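Those sequence lines, one after another, are chains A and B. Quick note, in numbering that gives the first Met the number 0, the first sequence goes up one by one and the last residue is 726. Quick note, in numbering that gives the first Met the number 0, the second sequence goes up one by one and the last residue is 726.
One thing to keep in mind: the hints can contain errors.
Under the rule of at most 27 Å between Cα atoms (straight-line distance), these lysine-lysine pairs were calculated in the BS3-like manner [as the list claims (entries may be wrong)]:
no.: 1; chain 1: B; residue 1: K662; chain 2: A; residue 2: K662
no.: 2; chain 1: A; residue 1: K606; chain 2: B; residue 2: K559
no.: 3; chain 1: B; residue 1: K440; chain 2: A; residue 2: K659
no.: 4; chain 1: B; residue 1: K606; chain 2: A; residue 2: K606
no.: 5; chain 1: B; residue 1: K606; chain 2: A; residue 2: K440
no.: 6; chain 1: B; residue 1: K659; chain 2: A; residue 2: K659
no.: 7; chain 1: B; residue 1: K662; chain 2: A; residue 2: K606
The set of hints was computed from the structure by calculation and includes no laboratory data. Just so we're clear, the structure is a prediction, and the values are computed from it rather than from any experiment.
2 protein chains.
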Amino acid sequence: MSELKSMTAATAHRSPLHDFLAPDSIAIVGASADPTKRGYKAMVGLIRGNYRGRIYPINPRVPEILGVPTCATLDDVPGPIDLALICTPAVTLPGLLAECGRKGVKGAVILASGFRETGAEGAKLEQQVLDAARAGGVRIVGPNTSGMFNLHKNVNLLDLRNVRAGDIGFISQSGNMLLALVLEAEYNGQVGFSTYVGPGNQTDVGFNDYLRYLGEDEHTRVATLYVEGFRDGQRFLQAAREITPVKPVVVYKSGATELGKKAASSHTGALAGSYAMTVDLLRQVGVSVVHHSDEILPVAEGLALMQQARGRRIAVIADGGGQATITSDRLSEAGLELAELSAATRRRLAAILLPQASLVNPVDVAGSSDADPEVLARCMEIVADDDDVDAVFLVGMFGGYHTRFAESLLGGEMRAAESMIELARAAAKPLVVFSLYAPVKPPPLRRLHEAGLPVYASIEHAVKVLQALAERGLYLQDRHGRPLQAGVEPAEAMQAMFARAQNEGRDLYEYEAKTLLRTHGVAVAEEVVAHTADELAAAVAKFGQQALAMKVVSKDILHKSDAGGVKLNLIGEAALRAAFEQIMTSCRAYDADADLRGVLLTPMARKGTEVIVGVVRDPIFGPVLMFGLGGIFVEILEDVAFRAIPLSRRDAETMVEQLKGRKVLAGVRGEPAVDKTALVELLLRVSSIVSAYPQLSELDLNPVIAYPDGYAVVDARIITNRAVASN
Amino acid sequence: MSELKSMTAATAHRSPLHDFLAPDSIAIVGASADPTKRGYKAMVGLIRGNYRGRIYPINPRVPEILGVPTCATLDDVPGPIDLALICTPAVTLPGLLAECGRKGVKGAVILASGFRETGAEGAKLEQQVLDAARAGGVRIVGPNTSGMFNLHKNVNLLDLRNVRAGDIGFISQSGNMLLALVLEAEYNGQVGFSTYVGPGNQTDVGFNDYLRYLGEDEHTRVATLYVEGFRDGQRFLQAAREITPVKPVVVYKSGATELGKKAASSHTGALAGSYAMTVDLLRQVGVSVVHHSDEILPVAEGLALMQQARGRRIAVIADGGGQATITSDRLSEAGLELAELSAATRRRLAAILLPQASLVNPVDVAGSSDADPEVLARCMEIVADDDDVDAVFLVGMFGGYHTRFAESLLGGEMRAAESMIELARAAAKPLVVFSLYAPVKPPPLRRLHEAGLPVYASIEHAVKVLQALAERGLYLQDRHGRPLQAGVEPAEAMQAMFARAQNEGRDLYEYEAKTLLRTHGVAVAEEVVAHTADELAAAVAKFGQQALAMKVVSKDILHKSDAGGVKLNLIGEAALRAAFEQIMTSCRAYDADADLRGVLLTPMARKGTEVIVGVVRDPIFGPVLMFGLGGIFVEILEDVAFRAIPLSRRDAETMVEQLKGRKVLAGVRGEPAVDKTALVELLLRVSSIVSAYPQLSELDLNPVIAYPDGYAVVDARIITNRAVASN
């Protein structure tokens, strides 16, 4: 457990959400005396929760509700209102928001549904609500929200009992998921929550705003989010970049695709928008992504309570071989490693363990602790002291020795628990505890948990926690603070080239795309454009007897090979002339109206390893870079990595390392390894170019041939954004 | 829940293990009056457990233990002894086993360690124990076992309290894993165990024997095994083939590799022996393999209590959108499908649900059950009635409506629970229930569980149960009873060929391997062997102007390409002669002592899709067939499928379907689909050949080129087993 650091994110301005998510006065519009209504239940929640601010039930028909005098309208409220909970139907909302604005209400929580989610009419109504809110300076939670609570402020607008106040901030697009976590926490017995909000339609306040709020909130040690869909992913990534260095952020993202099916105009487009892309981008900014819903609470609790690990090297202390083996399997699957214990560490262990103990990690005490459970705590101290250990993982029966062996061992177990608590405070490494006895919560495990050392009932969940702690530690070391790649200085000639293409209502020609790349330092082979057969001589003059590739130049022909617009391995002017005629004939046959501007000639690329580099401007996350191995790796296995643009150097490096097929880049079947540094430079260069040219909508470099020395961009395609002006 | 069927496996002979795993008399050798000793604790376990058979403590030094009179030796016991629990040290064992034999003891449970696991001396002692046991007709559990219990016979030789008698039979190489499951079951509250055995060193009785016993045991509804290593995998597979049709078998296999690192003499050898291979073979014989330790109990309980599903089509009834989405994600990851509900089903649902409900699977009742939880049971009835639904999955708050909304809903929830129980009995489909409220066990969920409908606290675990039920259902339909491929009739000439190779201490030449394949109906291209340059004319006469491949024939050259022993695309006698000389020169330079027998000539294969077929004789599992796509799929991705030989046709078909790269076989990048039927025939043919020739030790067909019409075996390598006689 680290000292509780100052958890305030280093943002310039304090989030405006504090004004109403930690309100000193609450109006309940549609407050009701009917116990089945939300307008009644919210009042019960506030009164039972000992809310210390002012409560103003708004109801023109009854004089008081639960002993609190009502006001007929918001205007009649005698003091200022920080938060209005609005329980009335959708149609009342535009008028009510205008009223809120007049009254100076800071934020409104709108429960009603019947907006965008129901169709065009609802969307129109939602826009009216937003317009009224903006006009009056009122922020909106929802509409269509399950509500909110802030337990450290005793605000509970949900009809939810037995929720313990604690460290976990939670934003969830599913009310049931909140309920699931609350029930899990109730069973767990130690976990609690700080602020919950259901963002609903995110009409005004979105995930990025809530994340900033939780990042700043002193009562929140971990920001946890259940997300069905982001509305402004680009701003969310920006917020996460700022928050994750000071506070862990856990995201569970449901739904297999971010965008559903969309028409793909490029290879990259077809793969973008996937769940895999969202995960890559979230991890890029330091978010801990969990993939299973039953891992959300364990991982959030672990990150809230324990310090991050410096790395992936785990020391396992086990009191049984079986679970030691399972633990090794799971650690390896999670990308973690068994720390190699030093000779000194092994000597120290040998001194306190029986001869049959295994001193090679996973350490199996093999009965050494059966009569003295404190041996386990001593082993943990010893391995925690080893510089090559980043985290300590206790696996087995601890907490149950007094049940399993002899009642008299309870004292030793309690002392062991105290030693572990002390060690967790003193050591700069996390201690993670799995116990078979976790489900029955014996006193030693309760004591650990109360002291802030969570005890896990599943090896699998405990390993996910270790993984999150290690990844967070490595992120903070490796990635945080690395500068993001700056954009290049846009070239005047290139701006003019984009303008020409945009004016002509077309994408860039391949040679234009390559010119743009070459202008900004990307290695592209030399080439010649021949508009007529007579210009082919220039190519021969330039390239001599090198074998050349010839490709048609036409804005109307997207799939050049299909149109017969590509000829390869051409040597000498006669061959070039023959190929030119064939290409023109084929392409005319393919599309009689195609505007044929000649051919592009370039030397045949040497053999090497095919890779693909792509860019899309994702409607949710903005410009995204994709990198993968060519051919079946992309087409069959979808083995690609995504990063939001701009990238840091580390982002580019991890893209290459992340691929399942990375062994291919390291050299297989006797092939030499490719030049990874050059690929990293290429990725950074593309990032810089995309940052500088908003007119570039999509980019496909497919293939790029990677060599032991450098690379060659063989084909380049750039889709223009015709809506963006070129200066 | 299906009716409890007769669970007796259709084996010819009753397992001899019944004689001592359900004993009527137990001797405790090393019985002790010291409460810390196993010989005391076992007696406490028997007495406290109300064991109704005879207990004979063997101890020459005290007259009675816990009121039971002792005998000085086994010989002094007045009656027959079914089971001896032996608590004395390793060195006493050979003598004791001889004594057991004289006394007619049927089985001995040996707790002592200090045998094979400690080295050569221990292994020798273990062999002496086994020899003594065999001589006296005594079966051995262990040594180095954690012990056993049979709760339906009130036998508990473990010092383990609060274990509930029930349906789950468990064999575990880890005592801690037993403890973990017992504690989980204690928390679960409804699950119980029948027989537990720790197989220890499996010196005599192995997993296959225990599996047969559990298969026959009337108190066991599911056989569950935690396996660190099989000793006789081949017999285990045979036992599983017989048991799985009558009873579910669940295996958790720990350890990343079955064999550790072994020297690989072929491509197939390098990939065999992996965890992936073990999983494939277990699934081939109908075993439900779980990959995470926290899934063992949920899956075992689900398979014990619920009937299998007819297929993968799941109908989801949810009372919240969030969890419906999560459920869809997990079902799809598990290879399950959302059933397409018929128009009639949707009409019936519409009639009882609110207009905002989603009638497309996953069905979201969207508040329709908030005031009337019985609506959920009615929805389940309606979807269970749809022929296109194989299983029903209830997801959400059920059981907690009376806590969440109004206490008065408890009655409705209890009635809904009764309806679900009735539906589970009447419908021929499993109903699986996930509830947020499972951790707090409210009365409606307790009622379901008591009636044999388990309630899961994790969507992820519930989906694993659905997956196991669907896979079991499909196995029983598709695979069980399919005939296994019979061996071919061995050809005399081929036997002679193997004998020649064995006599010469070599593997088969490539042309011999191909001859064997061709003899037994595998499509292999025609070929000619030229021992001298003058014999090349025969190849020209035979193949005319076809381009040929030439490969050196030598027992001493394993890697022909490395030795310069391969030339491709040769046309005409002059080219052949030149290539012949080059090959001979290169190969002599490569290995001056190599026995060069000439060259093999065969037409160049047409282009197609490379696949690989291999065979190893695995030391644990016997002959195993491997199939994969060639190149990087095998080398980088290890995307291969394994099946034990002999295969059924369904086994061969599923090998092809299982590959991640199967899309390549279906045709990508404009390539046509390959002829899957021909590949299936090839796999079956190889299975037949391997069954017939024990002299064949390993086989590599790499590559085989698959075409839209048939395939061609381009290279074939067969390693001979020099220890097996060729008749």
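Verification of the supplied hints:
1. At most 27 Å may separate the alpha-carbon atoms for a hinted pair to count; B/K662 and A/K662 meet this at roughly 22 Å.
2. For the given pair, A/K606 sits about 24 Å from B/K559 by alpha-carbon distance, which is consistent with the 27 Å threshold.
3. Simply put, B/K440 and A/K659 have alpha-carbon atoms about 43 Å apart, too far for the 27 Å limit, and the pair is violated.
4. Annotation: proposed proximity of B/K606 to A/K606 holds, straight-line Cα distance about 20 Å (limit 27 Å).
5. Among the hinted pairs, B/K606 with A/K440 is inconsistent with the structure: their alpha-carbon atoms are about 65 Å apart, more than 27 Å.
6. Taking the CA atoms of B/K659 and A/K659, the gap is about 13 Å. The hint holds against a cut of 27 Å.
7. A threshold of 27 Å between alpha carbons decides the hint, and for B/K662 with A/K606 the separation of about 26 Å falls inside it, so the pair holds.
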